[in-house]
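Here are the chains, one letter per residue:
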Amino acid sequence: MAVDTSSQSMAKAAGDVARGRSRGTGKPETKLKRSLSTHWYAWAMVAPVTVVIAVIIGYPLFRGVYLSLTDANERNVARSIGVNEIPATYEFVGLDNYTEALTGDQFLGTLGWTLVWTVACVSVTFVMGLGLANMLNRRIAGRSFYRMLLILPWAVPGFVSVFAWRFLYNQDNGLLNKILAGGGIDAVPWLNDPTWAKFSVIAVNVWLGVPFMMVALLGGLQSIPGELYEAAEMDGASAWQRFRNITLPGLRSVSTTVILLSTIWTFNMFPVIFLLTRGGPGEATQILVTQAYKFAFEISPRDFAQSSTWGVLILVLLMLFAAVYRRVLRKQGEVW
Amino acid sequence: MTTAVNTSRRGRRSPLASVGLHATLIVASVIAVFPVLWVFLTSLKPAKYAITTDFVKETTLANYTDLLENTEFLTWFGNSLLIAGLTTVLGVFVSATTGYAVSRFRFPGKRGLMWTLLITQMFPVAVLIVPIYNIMATMGLLNQPVGLVVTYLTIAVPFCAWMMKGFFDTIPMEIDESGQVDGLTPFGTFWRLILPLAKPGIAVTAFYSFITAWGEVAYASAFMVGDENLTLAGGLQKFVNQYGAQWGPMAAASVLIAIPAALVFLFAQRHLVTGMSAGAVKG
Numbered sequence: 001m002a003v004d005t006s007s008q009s010m011a012k013a014a015g016d017v018a019r020g021r022s023r024g025t026g027k028p029e030t031k032l033k034r035s036l037s038t039h040w041y042a043w044a045m046v047a048p049v050t051v052v053i054a055v056i057i058g059y060p061l062f063r064g065v066y067l068s069l070t071d072a073n074e075r076n077v078a079r080s081i082g083v084n085e086i087p088a089t090y091e092f093v094g095l096d097n098y099t100e101a102l103t104g105d106q107f108l109g110t111l112g113w114t115l116v117w118t119v120a121c122v123s124v125t126f127v128m129g130l131g132l133a134n135m136l137n138r139r140i141a142g143r144s145f146y147r148m149l150l151i152l153p154w155a156v157p158g159f160v161s162v163f164a165w166r167f168l169y170n171q172d173n174g175l176l177n178k179i180l181a182g183g184g185i186d187a188v189p190w191l192n193d194p195t196w197a198k199f200s201v202i203a204v205n206v207w208l209g210v211p212f213m214m215v216a217l218l219g220g221l222q223s224i225p226g227e228l229y230e231a232a233e234m235d236g237a238s239a240w241q242r243f244r245n246i247t248l249p250g251l252r253s254v255s256t257t258v259i260l261l262s263t264i265w266t267f268n269m270f271p272v273i274f275l276l277t278r279g280g281p282g283e284a285t286q287i288l289v290t291q292a293y294k295f296a297f298e299i300s301p302r303d304f305a306q307s308s309t310w311g312v313l314i315l316v317l318l319m320l321f322a323a324v325y326r327r328v329l330r331k332q333g334e335v336w
Numbered sequence: 001m002t003t004a005v006n007t008s009r010r011g012r013r014s015p016l017a018s019v020g021l022h023a024t025l026i027v028a029s030v031i032a033v034f035p036v037l038w039v040f041l042t043s044l045k046p047a048k049y050a051i052t053t054d055f056v057k058e059t060t061l062a063n064y065t066d067l068l069e070n071t072e073f074l075t076w077f078g079n080s081l082l083i084a085g086l087t088t089v090l091g092v093f094v095s096a097t098t099g100y101a102v103s104r105f106r107f108p109g110k111r112g113l114m115w116t117l118l119i120t121q122m123f124p125v126a127v128l129i130v131p132i133y134n135i136m137a138t139m140g141l142l143n144q145p146v147g148l149v150v151t152y153l154t155i156a157v158p159f160c161a162w163m164m165k166g167f168f169d170t171i172p173m174e175i176d177e178s179g180q181v182d183g184l185t186p187f188g189t190f191w192r193l194i195l196p197l198a199k200p201g202i203a204v205t206a207f208y209s210f211i212t213a214w215g216e217v218a219y220a221s222a223f224m225v226g227d228e229n230l231t232l233a234g235g236l237q238k239f240v241n242q243y244g245a246q247w248g249p250m251a252a253a254s255v256l257i258a259i260p261a262a263l264v265f266l267f268a269q270r271h272l273v274t275g276m277s278a279g280a281v282k283g
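Top to bottom, those sequences are chains Z and S. FYI, in my numbering the residues of the first sequence are 1 to 336. FYI, in my numbering the residues of the second sequence are 1 to 283.
In case anyone wonders, no lab produced these hints; they're calculated from the structure. The beta-carbon is built from N, C-alpha and C at its ideal position, and this holds for glycine as well. Careful, some of the hints might be misleading.
Calculated lysine-lysine pairs in the DSSO-like style (CA-CA distance at most 30 Å, straight line) [as the list claims (entries may be wrong)]:
#1 S:Lys238 / Z:Lys198
#2 Z:Lys178 / S:Lys48
#3 Z:Lys33 / S:Lys110
#4 S:Lys57 / S:Lys238
#5 Z:Lys331 / S:Lys110
#6 S:Lys238 / S:Lys48
#7 S:Lys110 / Z:Lys31
#8 S:Lys238 / Z:Lys294
#9 Z:Lys178 / Z:Lys198
#10 Z:Lys178 / S:Lys57
#11 Z:Lys178 / S:Lys238
Computed, partial: chain S to chain Z, Cβ under 7 Å [stated by the list, open to error]:
#12 Ala28
#13 Val39
#14 Pro124
#15 Val157
Please model the entire structure based on the sequences and the hints provided.
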């Protein structure tokens, strides 16, 4: 690739690129050569990632999409039992899995709850994060101490916190119900009643998500110049007007990013649901990701095709969301 | 938000507003800390008192000694350490140059690569888990640390590349230019000038991908079976499912898992958001 590039032309090429000019002007056959000599090191630098992504993400993705078009399950995929290699016997079934998923109740029902879950978690997390960030942005005694305590849920590995919550939620022995009992209130089936379970998983996810929101928004708040507030005060703007007209616009770019990230994370939030309720009671708290996991690893026979179909549909939904989100922002003149 | 309304003048708060502010922050802090604190307190009670409401009762380290002597906790800890460590080292190593190239150069294919990096970070675990599981099964890599490391690289590589781009973006271009004036090749510039400057960023990236692998649940639960192969995320599930609920050892295990992670986290967190949002906003 780089053999014909003398060190002289390389240095020249480097200068070219650093200044951002990269268009070749030669004839077609020299064009490729030229862009090779101009860009070979950039390409060499990105080669490892490109190769790794192609092999460990691209190929499985391709396989996954293919599996979603077949009737693959535990009994007909290629596998080795002891020394015997059993070849795959599943068949191509076209879009059957997709029509089944999109016309049946299960996918749409799960999607409905997943959307409720995502919107509830992200909006509550955002509002609480914004509120706490605003408080921490004031001059207040013990600010860094509060900050450290409030960040703690982010610092502890998620699966550990989820078990801590499961311990608190436990119906017979959990602390929450014991406290309620002390006040003469009946035990609440935190994780055993469909409605309560939905509430409980959202609460835990909000608890986990607020610190990130808060820290990100606090960073945004600190980047808003104080003069703006002083000027607004001189003009007699009320606290609410300052918040509405300085703080919120100043947080726009941070907010759009964290809301996008948080939406994607929440939509895909596997550990909270899986470790807290396993999707139960019944399938009440099952979100798309955990249900797809269940198809592939928890039912018998394992339904790989169905699981892949749901996986692909989740990805498509997320990409649609990101594209729409981006378009809306662009219309409003945001650079992202 | 509420305090913004209550405050009459910046810097001059009424005592009532101050009390309200502190009260809200104290309540929020208690909610944030309590579940973790409760697990810590539980871990110090004898196992038979694990479900009592007393804050402290016959303080003992029995849960810890029991955990270390009678369970596979140390094996799981080792597995997690090995897998997360390898993932981090490989992830950072593979993606460092890409982060730099994407941050500095314009080249054909850059847009496509950036989109790929962005989109792969949105991948739900559900889309890759089945095909990877099947591929690993045919290659005999299930239940092997190597298999899990390769799987975690699907998360770590795009993430590291993206985040390091963000950090390289904060290093001024003039440094590259001065390197070129002095006759360094792009690789030389990267290796001798930029990399040393980007050390804090690389440390944060490494730390974050370590924590991600350390806390991953779905792949670990699906791919690893058998007590001696589990990672911590899988091992902790054992306490609450298989043997009923062993809250005592579980609490002790939680503390041992959380303490090192939390300590390092509190040191690194200032940089985490900067790197992530910088990369994402400028994309």
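Okay, the hints, checked on the actual structure:
| no. | hint | in the structure |
| --- | --- | --- |
| 1 | S:Lys238 / Z:Lys198 | holds (24 Å) |
| 2 | Z:Lys178 / S:Lys48 | holds (17 Å) |
| 3 | Z:Lys33 / S:Lys110 | holds (18 Å) |
| 4 | S:Lys57 / S:Lys238 | holds (26 Å) |
| 5 | Z:Lys331 / S:Lys110 | holds (24 Å) |
| 6 | S:Lys238 / S:Lys48 | holds (18 Å) |
| 7 | S:Lys110 / Z:Lys31 | holds (18 Å) |
| 8 | S:Lys238 / Z:Lys294 | holds (18 Å) |
| 9 | Z:Lys178 / Z:Lys198 | holds (21 Å) |
| 10 | Z:Lys178 / S:Lys57 | holds (17 Å) |
| 11 | Z:Lys178 / S:Lys238 | holds (25 Å) |
| 12 | Ala28 | holds (6 Å) |
| 13 | Val39 | holds (5 Å) |
| 14 | Pro124 | holds (4 Å) |
| 15 | Val157 | holds (5 Å) |
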